[in-house]
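Chains as they are written, first to last, in the numbering used here: chain A, 1 to 92; chain B, 1 to 872.
Take the hints with a grain of salt, since some may be wrong.
Unchecked claim - Chain B regions said to be covered by chain A (calculated; three or more residues, Cβ under 8 Å):
hint	segment
1	500 to 514
2	517 to 527
3	725 to 732
4	798 to 809
Stated by the list, open to error - Computed beta-carbon distance windows for the label pairs:
hint	chain 1	residue 1	chain 2	residue 2	range
5	B	Arg215	A	Val68	26 to 34 Å
6	B	Ser567	A	Ala65	41 to 49 Å
7	A	Pro54	B	Arg71	54 to 62 Å
No lab work stands behind these hints, which were simulated from the structure alone.
C-beta: ideal position from N, C-alpha, C; glycine also.
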Amino acid sequence: MLSKTIPPSLAKGILNAGLLATEAGTIGRVIGDVWFSRATFMGLDQMLNRTFIPMCGVVGLTIVAALVSYPYLQPTYESEIEDDEDDDEDDK
Amino acid sequence: MKFGERFDSTRIIDSSIHPPWIEHYIDYPRLKRLLRSIFDVHSSSDNGDTLNEHDGTSSSSFDVELKYELRKPLYFLLQSMGEIVADLSSLAERRRSISVIVSQHYTLLEPSSPPPIDGGIISSRDDILADIAKLRSCYLTDIGTRFLLLLEFIEWNVDAIVKIVKKHDKTLVAWEQTATIANSWQKRQGQQHHERLRREYLPRFAVHSNDPNVRCLFLAAADAGNDNTTSDKKGVIHHHRGEKDALGFGGWDVVQWELGVALRELFDWEEMIKYDSSTIPSVMMRPSTAPTTRQQQHQKSISANGLFKDISMNFGMHNNNNAIYVGETTPLFGAAHKKSASSSSFMMNTHHPLPKFESMTKSKSVFSLAISRLNSSFSEKSSGDDNNTTNSFFEPMMHKIRFQRKRIGQTQNWYQSMTYAHEMLGEEISGTPTRRLSSSSAEFRKSRSLSAGSEASLTTIMEETMVGASQFPTVSKMSKLLNLISGGLFMCNYNIIAPTSGLYAKLLGFDPASAGLIIGMTPAANVLSALLYSWWSSYSYQRALIFASSCCVVGNAFYALALPFKSLNMVLMGRFLTGFGSTRVINRRYIADYYSIEDRTSGMADFVFFSALGMTAGPAIAASLAIIAPSKQSLTNSWWTIETAPGYVMFVLWSVYLVCNLIFFEEPDRNTTGSEPTASLPTSKANVGPTTDASEKKSLLGYVTSVKEFNPLKLLKSNCNIPVMVSIALLALLKSILEGLSSSASTISRHYFGWGVHSSGIYLAVQASFVLPTTLFISQISRKHDDRELILGTLVVMFVGICGFLVYPDNVPFLTGEHGGYSESRFILFGVVIFSACNALEVPTMVSVDNVEISSSVCTVKEYSSLLCNFF
Chain A
1 MLSKTIPPSL AKGILNAGLL ATEAGTIGRV IGDVWFSRAT FMGLDQMLNR TFIPMCGVVG
61 LTIVAALVSY PYLQPTYESE IEDDEDDDED DK
Chain B
1 MKFGERFDST RIIDSSIHPP WIEHYIDYPR LKRLLRSIFD VHSSSDNGDT LNEHDGTSSS
61 SFDVELKYEL RKPLYFLLQS MGEIVADLSS LAERRRSISV IVSQHYTLLE PSSPPPIDGG
121 IISSRDDILA DIAKLRSCYL TDIGTRFLLL LEFIEWNVDA IVKIVKKHDK TLVAWEQTAT
181 IANSWQKRQG QQHHERLRRE YLPRFAVHSN DPNVRCLFLA AADAGNDNTT SDKKGVIHHH
241 RGEKDALGFG GWDVVQWELG VALRELFDWE EMIKYDSSTI PSVMMRPSTA PTTRQQQHQK
301 SISANGLFKD ISMNFGMHNN NNAIYVGETT PLFGAAHKKS ASSSSFMMNT HHPLPKFESM
361 TKSKSVFSLA ISRLNSSFSE KSSGDDNNTT NSFFEPMMHK IRFQRKRIGQ TQNWYQSMTY
421 AHEMLGEEIS GTPTRRLSSS SAEFRKSRSL SAGSEASLTT IMEETMVGAS QFPTVSKMSK
481 LLNLISGGLF MCNYNIIAPT SGLYAKLLGF DPASAGLIIG MTPAANVLSA LLYSWWSSYS
541 YQRALIFASS CCVVGNAFYA LALPFKSLNM VLMGRFLTGF GSTRVINRRY IADYYSIEDR
601 TSGMADFVFF SALGMTAGPA IAASLAIIAP SKQSLTNSWW TIETAPGYVM FVLWSVYLVC
661 NLIFFEEPDR NTTGSEPTAS LPTSKANVGP TTDASEKKSL LGYVTSVKEF NPLKLLKSNC
721 NIPVMVSIAL LALLKSILEG LSSSASTISR HYFGWGVHSS GIYLAVQASF VLPTTLFISQ
781 ISRKHDDREL ILGTLVVMFV GICGFLVYPD NVPFLTGEHG GYSESRFILF GVVIFSACNA
841 LEVPTMVSVD NVEISSSVCT VKEYSSLLCN FF
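So that you can see chain A by itself, here it is in the shape it has in the complex (with noise of 0.2 Å):
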């Protein structure tokens, strides 16, 4: 769906859409042994349920955010690109 949904200018460039995917994919795992790891220092008893109930939490709140907006999940175009009148491709 990203790669349907970049903008153009996210494109290429310093900032384009694969190091901010790459970014995002990466803090996501910082943010995962991170939080593994306060779970494991409190105690392993309660480490998984520690770890994963706020996870499960989340997953949840994230299907309810893409139900919601369920109608936006799909490609945009750019009101920026004016390729021609038509939105017609040139026969070079």
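With chain A's structure known, arrange chain B on it following the hints.
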């Protein structure tokens, strides 16, 4: 030229439109006018006016009109195909008649042959040649040309549908964006009348449409682009059954196949008769009642001309230069003589028994000998000059048809994996299929303008095409392999410590919870390394890869030596350095820049495959090391333990990789073509090649400018729409869950079930082995389902998986036993469910691995295995 301008009922501009069929084309201008009329009405809402809801002026009415327009080309296509097949049938009858005449012609060469069956006059060679030429002309005009035009016809119409649907959706989105909050109620009312049509008409969905007309048209177009025939240098036509064959009805293949077979047969007959014309009298009249005289005449003529003087020498020594079709064919002279016929590499392709078959079998030997002689003649010519193609079969029409179908196939593949972002970026990124196909179209039209039969001209075109292809910057297979290996090696390195990190922390006197910190150091470094390599790969791939692998060598050495030195800081530093070994940005960009457009998708699939392999291999190696490395640590032997062994192993592997990289990796020539370096996009939409000097300077200037104007917050604020933000949030979410699951697996299993390193390593390896099947599965069903449907589905599965993974109190009904009945089977099952759901969610979120195919991965393994075998 704008697409809409190509089509006008009063004037034809586009050469791909066939004027006599104009009424059967989709009326693109009419649909465009209709679209304007619909949305011009609604645009008044911008001014606060009441939303004017005209009866019938909605997406549904547009859909109705589109379906009406769509029926025109579809019905005409079906009708034309029927006519072509009818013509093929009648021409096949004529071909059979000529085959009888040709065989009768050769009967005369046999001294003991009976008189002609009809007792009539044997046609002269000139007559036969004239008949063959006439029949060939019929095949070319009635079948070939019409077939070619039909291919162009369907391509144009599918193109028109995709474009008008895109235009509809784009206009709708623009309308939605211009609606203000004040008239949001009206907007909602309007939304009830409007819906995007991409879900119905985007080719990957349209082939599964509930509307038979839509489905049929798009399947026919997909089938038209699914050309599985190839011909080798000898003109032999091969047909391969493609994996997409199951989707199509194969009608295009039938016509193309029959046409090719017919033209080839006519060519062979013509060649044989022409050959004999120099050795046999031009006209052979024979009365049916004078067999003896006829035999004597033929013996004389054969003797005089020495036709079979060296037959005994040549028989059985011919090559396969003129052989023929791979497929089901029936030898002209029956099964009893199939061996003879095939040995001479000549098989008549006819699916019907010939009339008066038995009488003709008597002429078999003479006919076979004549063919044998003909083949010998070809063989002699070929041996003298390998490039001599005077007598080889070459039919420009077949070349054009294959070219056209290949072009349609490219378009169809493009549509299948089409993303709207691709279309938006089409003019900005060079080398997209749009431009590529345009140039292909130009080449094709150039070939069309050449006279038929001009083999030299067509060869020139093919050479030009090859020259064009050679301008594409290429890198060696070894370099590609090294690029892929670095990705796999990092994933291996990343996961190899997961089963032992907790033990390592404990061994150093820290809480096992530090395992999360040890593992987390690597992604922390990735945040920086991604930025670094994104910049560095604009200038050099090899140096960046060498730096990354050097960091891994040092990092693993630090990790392994931390135990003797009793330093957790060394462990953390080692893992941090290892994080700089993540070259995924480089790997993706390398594939985008130096793989041809056709290979790029499979290149990305290879990358996914190698990464999955590394992900599986890491824990598997750790599990194996648990067997060979000592499990009990002692102060006297703290060098080689279960905990340090992964560091040593990865140290060695990275060192070998570093040496191989220094020796074999070829830095690509960045001066080959002219285009800007690509951004490391999540998909393969990148330019064809690296920069020229001029463009590099230009891009560097642009870079300086962009640095000055660089304002991340402004850029993000102006560009992040809801889907982008949701995608990035989902990505962060799934990675955090994935990481939590992997990092905690060894600690949880040890705490609840007493698993050791070996067991948890195997568990993680098994878990990782689900990456590829999951990705393949999602890629397959993504052709039928929208991304948002997949995202929602995988989120629900993930939620269920986490719910099942949790430990519940003892008093929960149905859950009995210690820890609420938490068992190994629950841990394994729901762990795999969560892991698979996370990986599945990544596919629709990123769409970076569309079209990942098993065949691609298998081919990759075979290809690179053979490369390494040859090397060693």
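Against the structure, the hints:
1. 500 to 514: Contact hint for the segment 500 to 514 of chain B vs chain A: holds, 4 residues under 8 Å.
2. 517 to 527: holds (count 7)
3. 725 to 732: holds (count 7)
4. 798 to 809: holds (count 7)
5. B:Arg215 <-> A:Val68: 26 to 34 Å: Cβ of B:Arg215 to Cβ of A:Val68: about 33 Å, so the range 26 to 34 Å holds.
6. B:Ser567 <-> A:Ala65: 41 to 49 Å: 44 Å, holds
7. A:Pro54 <-> B:Arg71: 54 to 62 Å: 55 Å, holds
Consistency note: the structure conflicts with none of the earlier hints.
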